[in-house]
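Student: Going line by line, the protein sequences match chains A and B.
Under this note's numbering, think of the first position of the first sequence as 1, with each following residue one higher.
Under this note's numbering, think of the first position of the second sequence as 1001, with each following residue one higher.
Keep in mind the hints are simulated off the structure, nothing from the lab.
Incorrect hints may have been included.
To be verified - List time: in silico DMTMM-like cross-link candidates among lysine to aspartate or glutamate, alpha-carbon distance up to 20 Å:
#1 B/K1088 / A/E227
#2 A/K252 / B/E1452
#3 B/K1092 / A/D229
#4 B/K1088 / A/E17
#5 B/K1495 / B/D1557
#6 B/K1315 / B/D1347
#7 B/K1012 / B/E1442
#8 B/K1095 / A/E19
#9 B/K1088 / A/E173
#10 B/K1315 / B/D1360
#11 B/K1092 / B/E1527
#12 B/K1279 / B/E1026
#13 B/K1092 / A/E17
#14 B/K1427 / B/D1450
#15 B/K1495 / B/D1029
#16 B/K1092 / A/D263
#17 B/K1577 / B/E1533
#18 B/K1560 / B/D1360
#19 B/K1549 / B/D1257
#20 B/K1088 / A/E19
As the list claims (entries may be wrong) - Far from chain B, some chain A residues (derived; all Cβ distances over 12 Å):
#21 G10
#22 R11
#23 T30
#24 E45
#25 E100
#26 M118
#27 G129
#28 A138
#29 G141
#30 Q150
#31 S216
#32 P223
#33 L237
#34 G251
#35 K255
As the list claims (entries may be wrong) - Residues of chain A placed beyond 12 Å of chain B at every Cβ, according to the derived structure:
#36 V209
#37 V214
#38 A250
Idealized CB from N, CA, C, for every residue including glycine.
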Amino acid sequence: MAEIKLVPRGRIGITVEAEVIRPDLLAGKTEDEIGRLIVWQGPRELPLSQFFEVELQGPAREETRIIIEGDVSRVKRIGQGMKSGVIEIRGAAGMYTGAEMAGGKILVQGDAGSWSGMEMRGGLLQIAGNAADHVGSAYRGNWRGMTGGQILIGGDARSQLGGGLAGGSITVEGNVENFCAIRQSGGLILIKGNAVRGLGAEMNGGTVVLSGAVESFTPGFIPQGVESDPRIGELQLEGRFARFSGDYAAGKNPKGVLYCRMDREGEE
Amino acid sequence: MAANPSKTMIIKNGYLFDPLNAIDGEVLDIFIRGGRVVPSLSGSEAREATVIDARGRTVMPGGVDAHSHVAGTKVNAGRLMRPEDHYKSVLKRTKITHSGSGYTVPSVYKQGYDYAAMGYTTVFEAAMPPLEARHTHEEMRATPILDMGAYMVFGNNWFIMRYLKEGDIERAAAYVAWMMRTHKAYGIKCVNPAGVENWGWAKNVKGLDEPNIHFEVTSREIIRGLAEVNELLGLPMSLHLHANNLGHPGNWEIARDSLMITSSLEPDSKMELEWAETKESARRRQTIYLAHAQFNSYGGSSWRDFCSGAPDLAKYINQTENVVIDSGSIPFGPATTMTGDGPAQHDLYMLTGQKWSNCDVEMECGSGILSLVYLKGSAVHATMWAIGLEVLLLIDDPWKTIMTTDHPNGGMFSQYPQLIAWLMSRKARDDTAKECHKWAYERSSLGGVDREMSLYDIAILTRANSARTIGMAHRKGHLGVGADGDVTVYDIDPKDLNVNDPSYIISRFSRPDLTIKDGQIVARKGEIVYVPEGRRYYCQPYMDEEVEKEMMRDVRDWFKYYTVGFANYPVPDKYLKNPVPIPVNVPMEAVAKEVGRWQR
Chain A
1 MAEIKLVPRG RIGITVEAEV IRPDLLAGKT EDEIGRLIVW QGPRELPLSQ
51 FFEVELQGPA REETRIIIEG DVSRVKRIGQ GMKSGVIEIR GAAGMYTGAE
101 MAGGKILVQG DAGSWSGMEM RGGLLQIAGN AADHVGSAYR GNWRGMTGGQ
151 ILIGGDARSQ LGGGLAGGSI TVEGNVENFC AIRQSGGLIL IKGNAVRGLG
201 AEMNGGTVVL SGAVESFTPG FIPQGVESDP RIGELQLEGR FARFSGDYAA
251 GKNPKGVLYC RMDREGEE
Chain B
1001 MAANPSKTMI IKNGYLFDPL NAIDGEVLDI FIRGGRVVPS LSGSEAREAT
1051 VIDARGRTVM PGGVDAHSHV AGTKVNAGRL MRPEDHYKSV LKRTKITHSG
1101 SGYTVPSVYK QGYDYAAMGY TTVFEAAMPP LEARHTHEEM RATPILDMGA
1151 YMVFGNNWFI MRYLKEGDIE RAAAYVAWMM RTHKAYGIKC VNPAGVENWG
1201 WAKNVKGLDE PNIHFEVTSR EIIRGLAEVN ELLGLPMSLH LHANNLGHPG
1251 NWEIARDSLM ITSSLEPDSK MELEWAETKE SARRRQTIYL AHAQFNSYGG
1301 SSWRDFCSGA PDLAKYINQT ENVVIDSGSI PFGPATTMTG DGPAQHDLYM
1351 LTGQKWSNCD VEMECGSGIL SLVYLKGSAV HATMWAIGLE VLLLIDDPWK
1401 TIMTTDHPNG GMFSQYPQLI AWLMSRKARD DTAKECHKWA YERSSLGGVD
1451 REMSLYDIAI LTRANSARTI GMAHRKGHLG VGADGDVTVY DIDPKDLNVN
1501 DPSYIISRFS RPDLTIKDGQ IVARKGEIVY VPEGRRYYCQ PYMDEEVEKE
1551 MMRDVRDWFK YYTVGFANYP VPDKYLKNPV PIPVNVPMEA VAKEVGRWQR
């Protein structure tokens, strides 16, 4: 399979919905065929070529690779539902990037929009920059979010990261804001920075690890002692962690586990 | 524009299934002129007519749904509280159709198109609270293609409870008549009588003879009173009952006892209109029409010893002539429960922990909504599936049954073809039972039921009896002379039908070759090709003016408790497109009765 290069033709006004940009769908198609695929812009259906130059290049590879050269923060749904292949976005990505993806890899060099990795089932979504709201979360109204796969965020994430998480893992190098892990029922969220409030609210399963500080601790969590260098599945943590279970505000016997690091740098 | 503006049509050579005319698969031609069935066409008319060759296919009257939740506040609340029900189920607009969305609770446009694409032309909304009548009519007005009407909820209405406590049936009848005219309602619905009023104090009623709070009126008194009112006014349909204790183990007994209450009444429709010709009687036989029997046919005493009560309930219904039920069957998968039964919805929330909402409709009724998925692997759900088929298969006379899912409570109307497959094939039931929790056959009698319904039976359950039960057989549910030219042509050759291939039955009933409404093709193989505006039926019952005057004094006296002004209460005419008022109990008859009484 060839490498498919998509070069944005310039600034996009009304956001474009381009769930056709996924490697397993573009595989084996010619430049013309790819350019003729339909995307939505508001109420209009337009060819992909209106927004991107399409180039096939490079030697045959085992997996289809899509390179997006530039900023696509106004393009939604790139890689939605993809099952295999690689998408490399050399800029910022829009909303719903990698939503419902089941396999393959998406690498975002810039920031990623809200709902990226929504209800993901497998694969890897790596965001080098910051992530907006609801990343790796359940769709509005749904109680079960991501069920598998991995999301890596190099910067910060905003609110409701991993909402309804049921499986898979999310790692954030920076900080999160409000209601991270809300209604989590499984899986793992690892936050290396700080959280604001509502961390683990209504959680009834799974694990959250917070290495930084939390501004306002969720009241329905009960302390379960202190652990040094705890091991969570395959993840070996270092340092002293206070372990909590919860959220008792949402159920009688919740199975959610929250680790908060005690020996943080600059604090006692 | 319609392809056939004269609404003149010949449907030739099809195998016709028209139970109200006792036609069981005979090859017959149907003639339609001006949107109505006629005995024949003249030579020049025949030359102008749209001719459809239905050779080798099954032809039935357009489908009639007698109980579905498709319009009004609770339906819309069901849409609002379930965005996750919409984002994966979207319908693209075409040149003639609107866009839409929604899986278990589709938007109004999608509902209309989906029903029509499935061969249904008439759908009645099962519960319209008076205060929400405007909203209900707004949604019905926006629903394309379908002919519709709505039943009004009266079972916990303050005025009704007061009059029935006082034993004043005449004033109760005057109130119902005025309310039906005011809110453009079609029939009387009674939901958990006496219980929903108690729910205002976080209570319910458990039995038929338990007086409720403040009004001190019992469920039995309300059912009996409303049924008497119904027959006094001579409404097209009988009282439509959502019985007490719905959804609770062991509730089949209260369902049976409720059905017994009206057994001494005579059905008496006094509609002033022209009746299309039928061979069988098109007039309803029943004095009570039980809603979603599946939810009220439970045995056992708890969820541990939960089992089917359908054989017991069916035994009673088989002995009586005054009952019709609709099934409220469970085809499995996602559903959104929505009823006027607030306490039942709360119990369901306590059981499932799913998201829910509840509402008290001032002096009139209540309601609740909850999202749910029916799973084959769940013991209780598997048993409910069996019960939903038992209530249709164990009642011997198909003219006592109507097939529904109580959309979207037990499942969606778009799953009717799946129900048909189970009703027509024992093998289809056995195959599903194998995928289900073992309770499906262990806790019900379904595994021992050999009955397989014919296409004739299916036509009774999906159009003929639904139309007759609700008093619409004067023009719907059959193809006698004068009936509406609503016809469904299925790509099914009855001479070559293998009922043991469920996927065949499902696909053919899901996407009929043609859906014809008023002599015009509206859908072809599932694609909407023409979008007419449907009619809105409602009753205009007459009641003695003196009684009505006294009643209005009571209404004005208590209206201070309402949050709306009296002038804003009625549904204005402009809320209805193509309104069809049905005069009932008209003055001449009433006058004659008065004279008769005076002469005695």
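Student: Each hint should be assessed against the structure and marked as holding or not.
Tutor: Outcome of the hint check:
Restraint check for B/K1088 and A/E227: not satisfied, since their Cα atoms lie roughly 44 Å apart, outside the 20 Å limit. Pair hint A/K252 plus B/E1452 does not hold up; C-alpha atoms about 48 Å apart against a cutoff of 20 Å. Annotation: proposed proximity of B/K1092 to A/D229 is violated, straight-line Cα distance about 54 Å (limit 20 Å). Taken as a hint, the B/K1088 and A/E17 pair is honoured in the structure, with Cα atoms around 15 Å apart against an allowance of 20 Å.
Among the hinted pairs, B/K1495 with B/D1557 is inconsistent with the structure: their alpha-carbon atoms are about 65 Å apart, more than 20 Å. Taken as a hint, the B/K1315 and B/D1347 pair is broken in the structure, with Cα atoms around 28 Å apart against an allowance of 20 Å. Distance check on the hinted pair: B/K1012 and B/E1442 sit about 47 Å apart at the alpha-carbon level, beyond 20 Å; violated. Of the pairs offered as hints, the one joining B/K1095 and A/E19 is violated, with about 24 Å between alpha carbons and a cut-off of 20 Å exceeded.
With a C-alpha separation of about 32 Å, the suggested pairing of B/K1088 with A/E173 is violated against the 20 Å cut-off. Note on B/K1315 and B/D1360: the hinted pairing is violated, with a Cα-Cα distance of about 36 Å set against a maximum of 20 Å. Taking the CA atoms of B/K1092 and B/E1527, the gap is near 12 Å; set against the 20 Å cutoff, the hint holds. The suggested pairing of B/K1279 with B/E1026 holds, with an alpha-carbon distance near 15 Å, which does not exceed 20 Å.
Distance hint between B/K1092 and A/E17 is fulfilled; the C-alpha atoms sit about 15 Å from each other, no more than 20 Å. A distance of roughly 9 Å separates the Cα atoms of B/K1427 and B/D1450; the hinted pair therefore holds under the 20 Å criterion. Between B/K1495 and B/D1029, the direct Cα distance comes to roughly 18 Å. Compliance with the 20 Å bound is thereby established for this hinted pair. The hinted pair formed by B/K1092 and A/D263 fails the criterion: a straight-line CA distance of about 56 Å is larger than 20 Å.
At most 20 Å may separate the alpha-carbon atoms for a hinted pair to count; B/K1577 and B/E1533 meet this at roughly 8 Å. Using a Cα cut-off of 20 Å, the hinted pair B/K1560 and B/D1360 holds, with the two alpha carbons roughly 17 Å apart. A distance of roughly 36 Å separates the Cα atoms of B/K1549 and B/D1257; the hinted pair therefore is violated under the 20 Å criterion. Between B/K1088 and A/E19, the direct Cα distance comes to roughly 13 Å. Compliance with the 20 Å bound is thereby established for this hinted pair.
For A/G10, the requirement that its beta carbon stay farther than 12 Å from each beta carbon of chain B is met, with the minimum near 28 Å. Remark: the non-interface label on A/R11 is consistent with the geometry, its nearest Cβ contact in chain B lying 28 Å away (cut-off 12 Å). Every C-beta of chain B lies more than 12 Å from that of A/T30, the closest at about 27 Å, which supports listing it as non-interface. Some Cβ of chain B comes within 12 Å of the Cβ of A/E45; the nearest lies about 9 Å off, and the non-interface call is violated.
With a minimum CB-CB distance of about 9 Å to chain B, A/E100 fails to clear the 12 Å threshold, and the non-interface call is violated. Under the 12 Å C-beta cut-off, the non-interface status given to A/M118 relative to chain B is violated; the minimum distance is some 10 Å. The Cβ of A/G129 sits about 26 Å from the closest Cβ of chain B, beyond the 12 Å cut-off, so the non-interface label holds. At roughly 8 Å, the least C-beta separation between A/A138 and chain B is not larger than 12 Å, which violates its mark as non-interface.
Not every CB of chain B is more than 12 Å from the CB of A/G141 (nearest about 4 Å), against its label as outside the interface. Even its closest Cβ contact with chain B, about 24 Å, leaves A/Q150 beyond 12 Å, as expected for a residue assigned away from the interface. Remark: the non-interface label on A/S216 is consistent with the geometry, its nearest Cβ contact in chain B lying 25 Å away (cut-off 12 Å). In this structure A/P223 is separated from chain B by more than 12 Å, as the shortest Cβ-Cβ distance comes to about 26 Å.
In this structure A/L237 is separated from chain B by more than 12 Å, as the shortest Cβ-Cβ distance comes to about 32 Å. For A/G251, the condition that its CB be more than 12 Å from all CB atoms of chain B is violated, with the nearest at approximately 8 Å. Once the 12 Å rule is applied to beta carbons, A/K255 is consistent with being away from chain B; the minimum gap is 15 Å. A/V209, annotated as away from the interface, keeps every beta carbon of chain B farther than 12 Å; the closest lies near 27 Å.
Distance to chain B confirms A/V214 as a non-interface residue, since its nearest Cβ pair spans about 27 Å, more than 12 Å. Consistency note on A/A250: stated as away from chain B, yet its beta-carbon is not over 12 Å from all of that chain's, at 10 Å minimum.
The structure does not agree with the numbered hints 1, 2, 3, 5, 6, 7, 8, 9, 10, 16, 19, 24, 25, 26, 28, 29, 34 and 38 stated previously, though it agrees with the rest.
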